[in-house]
Amino acid sequence: GPAAPCPPPAAPAMNCRAEVLEVSVEGRQVEEAVLAVLHTVLLHRSTGKFHYKKEGTYSIGTVGTQDVDCDFIDFAYVRVSSEELDRALRKAVGEFKDALRGSGSDGMGQISLEFYQKKKSRWPFSDECIPWELWTIKVNVVNLANEQERQICREKVGEKLCEKIINIVEVMNRHEYLPKMPTQSEVDNVFDTSLKDVQPYLYKISYQITDSLGTSVTTTMRRLIKDTLAL
Amino acid sequence: AMDTDLSSQDRKDLDKFIKFFALKTVQVIVQARLGEKICTRSSSSPTGSDWFNLAIKDIPEVTHEAKKALAGQLPAVGRSMCVEISLKTSEGDSMELEIWCLEMNEKCDKEIKVSYTVYNRLSLLLKSLLAITRVTPAYRLSRKQGHEYVILYRIYFGEVQLSGLGEGFQTVRVGTVGTPVGTITLSCAYRINLAFMSTRQFERTPPIMGIIIDHFVDRPYPSSSPMHPCNYRAGEDNGAVYPSVEDSQEVCTTSFSTSPPSQCVFTVTKAHFQPPAPMVTDTLKVPVMGLAVSHQLSSSRLSYQPAALGVGSADMGYPVLFAGGLNAAHPHQLIGPGKEGGVPPIPSQPAHGTQADQERMCTPLDGVHYSAATPSSSEDTETVSNSSEGKSGSPHDLLETIFIRKVGAFVNKPINQVTMANLDIPFAMFAPKNVELEDNDPMVNPPDSPETESPLQGSLHSEGSSGSSTGNTHDDFVMIDFKPAFSKDDILPMDLGTFYREFQNPPQLSSLSIDIGAQSMAEDL
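In order, the protein sequences belong to chains G and A.
Numbering-wise, the first sequence is residues 254 to 484 according to the numbering used here.
Numbering-wise, the second sequence is residues 17 to 541 according to the numbering used here.
Watch out, some of these pointers could steer you wrong.
Said to hold, decoys possible - When the alpha-carbon atoms are kept at most 30 Å apart in a straight line, the in silico DSBU-like pairs for lysine-lysine are as follows:
1) Lys306(G) with Lys129(A)
2) Lys53(A) with Lys344(G)
3) Lys307(G) with Lys160(A)
4) Lys449(G) with Lys53(A)
5) Lys306(G) with Lys28(A)
6) Lys433(G) with Lys160(A)
7) Lys391(G) with Lys344(G)
8) Lys129(A) with Lys433(G)
9) Lys409(G) with Lys160(A)
10) Lys307(G) with Lys433(G)
11) Lys417(G) with Lys28(A)
12) Lys373(G) with Lys409(G)
13) Lys371(G) with Lys307(G)
14) Lys307(G) with Lys413(G)
15) Lys53(A) with Lys413(G)
16) Lys160(A) with Lys417(G)
17) Lys391(G) with Lys123(A)
18) Lys433(G) with Lys449(G)
19) Lys373(G) with Lys129(A)
20) Lys28(A) with Lys433(G)
21) Lys32(A) with Lys372(G)
22) Lys307(G) with Lys123(A)
23) Lys449(G) with Lys371(G)
24) Lys129(A) with Lys307(G)
25) Lys371(G) with Lys160(A)
26) Lys129(A) with Lys371(G)
27) Lys160(A) with Lys413(G)
28) Lys433(G) with Lys53(A)
Source of the hints: derived by calculation from the structure; they are not laboratory data.
Since the structure is predicted, the reported quantities are computational estimates derived from the model, not experimental observations.
So here's chain G without its partners, still in its complex pose (with noise of 0.2 Å):
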């Protein structure tokens, strides 16, 4: 059975690297928005199957990469070749996509993609998840009112996610922490091993609807990746 979650993630811990991206878009435009950041910042997070082999050595598997077009927005981008990962991201998307569109939402809201490790802990205790590095893309909904608005919001979203992009990869290129690579019997403390063609590091997405109060509403989602080391 799905295991013991770990705690929503709150305010990130000291040391984890907090990201905060914002994006204003039309509603049809929120789910290729958010998925262009997600996969952007997935393909840097994620590397080829790990095989372990004696001695302690590894050998790393392959990653795919492809060319995603955007229907709704003049603007592509590049994803990791898995259709496990691609499908995760846009089953959550998709709900806070749902989320947003929902009664109770002024059409502002954020999602949150964190990567963590695990620190396992002795029983009766709970695993600890520990992240190191939260993005953050906060989403505003516009309503457009003519043809010609919304031709432009396509470009201009556009030229914004690009934007975007250059930010990501300006964060990554920091080289800043990086869980150490892990042996064998760590490796599902560091990353994702579910996925049959790539490994991204352990992440969890959520995601936050600002209601028309203008308070927070607070949506965990189900782990969307299975935990292969639950209790």
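Could you slot chain A onto chain G? The hints should help.
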């Protein structure tokens, strides 16, 4: 005292990493400007042939050009590898759009682990490059190329030359990786304003060299394709002789092997690796001419007869982008350029071997020759070429006709762009007109990565903790007093964003008027 000198093994590994990083960088950039969506497969089992654990195809001709430009050297301080992306219209006007620079600066990180940290950071940098190549303005331009303009590339080694980008160009940094011998930096300088160049300027422009083409097509009819050596150039440089690319430093083989998983140590073995022979490199604009491809499109696409050579224009001989033929059964199988002299057929799957000690690289041999490719009439039932006016042999007509035949599978004809040819203004073809712009070719699935060196195997280490000179003067652009090509309203200069909008006319899709050509193309998709 700590030994900060790089071990000889590490040095060799590092040189090798940098070399293959440079080659993969070129592949990523050029492939991102082909005008097609790129798709490669992940593979959970290490195949041993994918450098940096990334599935990046190797277009042989591109590797060839890159190696030719590098001439056995590696990027070093003051010696940068540059990939120049430019646009060339059917009129013959050309414009530099981007310069991608792989540079090395002197800042060394002596502590960093070569075999592990540097390798992984280079992998990360390639991922960043994949991402960034889609967000500069030239990406969208390249996705729409073919009908009225093509995107070209040129690789050179030496001093970075940014003067061709016009004023106010912007720079984006892709990333850096520190190594014990210096810091590798990868960046892109790109044009943001369209400037205008005088016609006279163009006449002096040396022929554009590398052509972005999709190489996965069948060979044209041999009898109709006069071949030209890669270093053919018309015009003033006719007499120049370029050193032929010697691949003798590398092991050239047509077979692939992967290191067996028994390789436990994170090193690269180098049975055949030889230190690069020092070679004089022409650091100026070395035209790496020659991807004037005589390949014809496969039968599912428009095909064309290359013109007889010797059509004097210096602008001739540029293969135009054409989309690749597809092998529907195996979308990732390479349809090799194949019978081209010297190019080895590339198997679709790397052969698994036990040659752990072999360093292998499959490269096309020197005999890859290309020639000018110009369409006359299409053999296909595609209607467009029949309406083409550009069947005669005059250079001007030929220039025009180059762009006629590239057509997406489902895009309606007719095409009417010859009418603009008479205008003398540069980029006249881009002036607003009543022509239906055609969309690009459909997605192509590139083949599996053909190559290989022994893969690097990870060993267990904890993750370690972990800048452009101006080139030669370029002739100044001259503003010509006429209605600017890109502007409806005499507003100068037009930025690229507006330029894109000019080209946003959606193509008309032909519904079911699918002839055989398009039909087999549809099957391929």
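Now the hints, each set against the structure:
no.: 1; hint: Lys306(G) with Lys129(A); in the structure: holds, 21 Å
no.: 2; hint: Lys53(A) with Lys344(G); in the structure: holds, 24 Å
no.: 3; hint: Lys307(G) with Lys160(A); in the structure: violated, 51 Å
no.: 4; hint: Lys449(G) with Lys53(A); in the structure: holds, 24 Å
no.: 5; hint: Lys306(G) with Lys28(A); in the structure: holds, 25 Å
no.: 6; hint: Lys433(G) with Lys160(A); in the structure: violated, 44 Å
no.: 7; hint: Lys391(G) with Lys344(G); in the structure: holds, 18 Å
no.: 8; hint: Lys129(A) with Lys433(G); in the structure: holds, 14 Å
no.: 9; hint: Lys409(G) with Lys160(A); in the structure: holds, 19 Å
no.: 10; hint: Lys307(G) with Lys433(G); in the structure: holds, 19 Å
no.: 11; hint: Lys417(G) with Lys28(A); in the structure: violated, 37 Å
no.: 12; hint: Lys373(G) with Lys409(G); in the structure: violated, 46 Å
no.: 13; hint: Lys371(G) with Lys307(G); in the structure: holds, 24 Å
no.: 14; hint: Lys307(G) with Lys413(G); in the structure: violated, 48 Å
no.: 15; hint: Lys53(A) with Lys413(G); in the structure: holds, 21 Å
no.: 16; hint: Lys160(A) with Lys417(G); in the structure: holds, 23 Å
no.: 17; hint: Lys391(G) with Lys123(A); in the structure: violated, 37 Å
no.: 18; hint: Lys433(G) with Lys449(G); in the structure: holds, 22 Å
no.: 19; hint: Lys373(G) with Lys129(A); in the structure: holds, 29 Å
no.: 20; hint: Lys28(A) with Lys433(G); in the structure: holds, 26 Å
no.: 21; hint: Lys32(A) with Lys372(G); in the structure: violated, 38 Å
no.: 22; hint: Lys307(G) with Lys123(A); in the structure: violated, 37 Å
no.: 23; hint: Lys449(G) with Lys371(G); in the structure: holds, 21 Å
no.: 24; hint: Lys129(A) with Lys307(G); in the structure: holds, 22 Å
no.: 25; hint: Lys371(G) with Lys160(A); in the structure: violated, 47 Å
no.: 26; hint: Lys129(A) with Lys371(G); in the structure: holds, 26 Å
no.: 27; hint: Lys160(A) with Lys413(G); in the structure: holds, 21 Å
no.: 28; hint: Lys433(G) with Lys53(A); in the structure: violated, 35 Å
Of the numbered hints stated above, those contradicted by the structure are hints 3, 6, 11, 12, 14, 17, 21, 22, 25, 28, listed in ascending order.
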